[in-house]
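Q: Assemble the dimeric complex from its two separately framed chains, guided by the hints.
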Amino acid sequence: MDTQEHVLRGESAPKDPLHREDIRERRMTNPLRLRSWNPYLVGVGIGVLSWIAFATAAHPIGVTTAFEHTAALIIGGLGAGWPSDGYFADHSPKIGWEWTLVMGVFLGSFLSARLGDDRTKTSVPRLWAIRFGESRAKRFAAAFLGAALMLFGARLASGCTSGHGISGNLQLALSSLVFTAAFGLVGIVTALWMYRRKGARHV
Amino acid sequence: MKRDGVGKLALGFATGLAFGWLLERSRACRHEAMAGQLRGDDSRVARLMITASAVGSVATLALHQAGRVELSPKPLRLGGVVGGGLLFGAGMSLLGHCPGTSLAAVGEGNVDAFFGVLGMLAGAGAFVVTHDRIEPLLRRGDFGAPTLPELTHAPAWPFTSLLAAAAVGSTRLERAAPPMPEVS
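Going down the list, the sequences are from chains A and B.
The first sequence runs contiguously to residue 203 in the numbering used here.
The second sequence runs contiguously to residue 184 in the numbering used here.
Chain B extracted, bound-state conformation (with noise of 0.2 Å):
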């Protein structure tokens, strides 16, 4: 069985403590959460998830422009792309948690979620099995790896300057669609 050196998996298991951490703090693991973002009854995923990209697209591009990343977009092929977003969409809602946030549900002691973890290994079982004819389906309409930088031929900023913006409007949302009241 291959494995990465022990320097990475530790660096791995560090990324995911803290991730799962601030997963359970915002309580975007929560049923209610994704379900009620889903349904239009919270903001709270959608404002975490755009203000993370934001803060994470300043700082990796900056490092990238300096040269000290390199950036690995995933590629564009439109089969896989959009027909995975299709299932994974109406999966999520039918499940109440998206992959990450299953993970931080069971860390909750969530049975259901426990269950949903199953059905993620048995999930990523069938598309192993089925990949060798399922394949070709996903190389339709294959774009490459392109970001949207590459592909105006623009600097990255005026995107990432977007993206922060958003992260800024999304605060009209919290009064839009303000979270349940916390019971402590």
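Chain A with its partners taken away, still in its complex shape (with noise of 0.2 Å):
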């Protein structure tokens, strides 16, 4: 079993144990590079994070603001033809706190992982492989369809698992709370329904 682990776990394989035994014992004393912290933890992290975020900026940590500026300064930028004169009528996209949170977002993973030699570089997860198969096309192909409908539900929500999950719940917003039953209850029957023959636990 301990040998299929990393199999299963859709990490490759360790090239030389003696080394992974020695970069175990620094993680030991160093945690900065232990690889997963508790969720206990990091929600703590997370909870005070989006305090300080009140507190300093006035602003809920969100995410997918940032992804609907872009894309109305795109947009905007191609010129008119687009029937959206409206939306700019009532928004107007900048290059805000958000939009840099989205790059810091990129670069702290980046550095964790880097710092805990934990980039993982799949291009096919693990659980969708053993359900869909190996083909990358394919998960491209779902990992694209997937996030456009994501968010433009977020969009039409205004809000996430970050923006209504934890900062609209943390406020007590009624709209967040029957925001996060609706994406949960679909989630969760959308996920039964798609690993639905691979019922069995840690597979």
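Incorrect hints may have been included.
What the hints assert, rightly or not - Listed below are the simulated DSSO-like cross-link pairs for lysine-lysine, each with C-alpha atoms no more than 27 Å apart in a straight line: (1) A:Lys138 to A:Lys121; (2) A:Lys121 to B:Lys8; (3) A:Lys94 to B:Lys8.
If you are wondering where the hints come from, they were derived from the structure by calculation, not from laboratory data.
A: As structure tokens, this is what we get:
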């Protein structure tokens, strides 16, 4: 079982057991190199971060506004002809706090993965491959479509798992509670349906 | 092109750095964490979210009551919030990441998540382009932007306590659905 575990996790095989052992030793002593932090520790961290964001920038942490603004800037830059005059009358897209936040998330994750020696670099996740095969094109197309649907939905509701799910719920906003219930329910039903033939735990 | 001041941009960047770091370390940005959460094999994402909400709630609402911060609850327009939630849930399941963790998954070097980020930009573009036509639908069932304390004319602390109790209660999920063993 042990020798197969890295395959199940979608990770490459450890090349040099002695070297890996050495890395593990170092991780024990330096928390920055500890690969995985407990979800409660991270939850407390993000909770405190949301409070810092409110106090310093009067902003709830959210990710998708930046995508909307980027798309709007591109579409606006393409010129007239797009049926979105009303959009530009109501909204003023800009490079703002949320935009640099998105850049920060990329880099923060990159640095964490580098320092933790934890870059995964997968194209087809293991759970996906077991159900839908190893085809990269299929996985990339599904990722693109799923993401487009997800972001469209987030903008209809003005928020996502961050903006509604965490930042909205922590303010006890009713809209966020309704959004969380709706996406949670549909997300679970969709996942159970997608992976239905692989119902066993720990695939 | 409009932009915020440099100080505010730097603050956003610093906040993002910490957020990305935390998402990567929690491994919530792994496909199996999110897909596993939705199909009931893994409970890390739910435990992380409820803890973040509870901790954030205590501090933010305390600061709010002291008059130090303005809240910005999002509007409850049933058309947009429910319709958006349904599409969001289906798309998130298909992708296996949420918007924030997609970015973190790209930071980890995952190619499929990069196509996800491109898709997110396309979805945002679709919203901008169709905005004028769908706006009336989104506005159906407009209830303003109420919070639970405003709605019930009650103080915030009972609700915050409920969130905290849910975070503590979520430790039971850990036993029900332990994460897959870590491999180093």
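Q: Taken at face value, is the distance from the CA of lysine 121 of chain A to the CA of lysine 138 of chain A at most 27 Å?
A: Status holds; Cα separation ~17 Å.
Q: Take a quick look at whether lysine 94 of chain A and lysine 8 of chain B sit within 27 Å of each other, Cα to Cα.
A: The given pair, whose Cα atoms are some 13 Å apart, holds under the 27 Å limit.
Q: Hint check: lysine 121 of chain A vs lysine 8 of chain B, CA-CA at most 27 Å. Holds or violated?
A: 32 Å, violated
Checked against the numbered hints listed earlier, the structure breaks hint 2 alone; every other hint is satisfied.
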